[in-house]
Amino acid sequence: MQLEKKMDWLKEQFQKEEWSPYVAGALLGVVGILAVLLSDSLLGASGAFENLAGAIGQTVAPQLFDNMYFNYVMRPEITWSGVLLVGVFLGGMIGAWSSHTWKLRLNSDEQWKQVFGPSWPKRWLLAFFGAIVLEIGAGIAGGCTSGLAISGGMLLAPAAFIFIGAMFASGIATAWLVYGRRF
Amino acid sequence: MLNYFLALVLGLFFGLSLQKAGLTKYHKIVNVFRFTDFAVLKFMMTTLIVSMTGLYTLKWMGVITLPAAPATYIVGNIIGGLIFGTGMAFSGY
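In the order they appear, the protein sequences are chains A and B. Residue numbers for the first sequence follow our numbering, so the first one is 1 and each next one is one higher. Residue numbers for the second sequence follow our numbering, so the first one is 1001 and each next one is one higher.
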């Protein structure tokens, strides 16, 4: 009886649409520890895209992609973090399914619509452009929010804290420019 | 092979934690830069505190050796971070 109640409670928590960021953050912290303990790997997201881009690039335009970076730094192969990303995608889907909020949407964010208007192609275009900028930045810095800020931070790498500072500085500046008086 | 399976399972929980914290939403990401919603910061800092405590405890117990940390090259980290933040505030991812 007692166990049943606990299971019900767990199920109820799992079905909630949003968890406290402290709880979700702690979960990711445990995942980060397990990644090192079980796989001797660090969590990361942006790197796998570069590996994938290298793989596609070396098939489509071999000469253009035949350089130090794609031959040695980011090799064109399916990496551990590439598989991790598949998991991230599916995990996100499970999260949405569990709270019954999974739905295909072209542009779902009310705040975005208030700022930029209702056009969904505009949302996609801006997101695409922003993601290119973001990935270039991650490539230069040596990682993204997960691969550098979190995975580097948990190993106390100075790079992580320098990166977090820079990321927030320009993020705040960009938001200020975009939002203007509504900031 | 087992290693790839582990990556998949860990990825599932990675994605789940992001989704449940609401970090898949544009406004959650942008609003941390507008100082109106600190979920991103709360999430990141909790992750850092939990994982660094856990890792250094395990290291102290002799269970693990820490993997190589991401390299520090100050100018690159700063420039990359500045570009990254711009993209992040624009796309909201």
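Treat the hints with care, since some could be wrong.
Derived pair list, reagent style BS3-like, types lysine-lysine, alpha-carbon separation capped at 27 Å [stated by the list, open to error]: (1) B/K1059 x A/K11; (2) A/K103 x A/K113; (3) A/K11 x A/K122; (4) A/K103 x A/K16; (5) A/K16 x B/K1059; (6) A/K122 x A/K103; (7) A/K113 x B/K1059; (8) B/K1059 x B/K1042; (9) A/K6 x A/K16.
If we take Cβ atoms under 10 Å as the criterion, some of the chain A residues that face chain B in the derived model are [said to hold, decoys possible]: (10) G54; (11) I56; (12) K103; (13) L106; (14) D109; (15) G130.
It should be emphasised that the hints constitute simulated quantities derived from the structure, not laboratory data. Glycine residues also receive a C-beta, built at the ideal position from the N, C-alpha and C atoms.
Hint by hint, here is what the structure shows:
1. B/K1059 x A/K11: Given pair B/K1059, A/K11 is violated - Cα atoms ~34 Å apart, limit 27 Å.
2. A/K103 x A/K113: Between A/K103 and A/K113 the Cα gap is close to 18 Å, so the pair holds against 27 Å.
3. A/K11 x A/K122: This hinted pair is violated, its Cα atoms lying about 38 Å apart.
4. A/K103 x A/K16: Holds, at about 16 Å.
5. A/K16 x B/K1059: violated, 35 Å
6. A/K122 x A/K103: With Cα atoms ~20 Å apart, A/K122 and A/K103 stay inside 27 Å; holds.
7. A/K113 x B/K1059: This hinted pair is violated, its Cα atoms lying about 48 Å apart.
8. B/K1059 x B/K1042: holds, 26 Å
9. A/K6 x A/K16: Within the cut-off at roughly 16 Å; holds.
10. G54: violated, 18 Å
11. I56: violated, 20 Å
12. K103: violated, 13 Å
13. L106: It is violated, given that the least Cβ distance between A/L106 and chain B is near 13 Å, above 10 Å.
14. D109: holds, 4 Å
15. G130: holds, 3 Å
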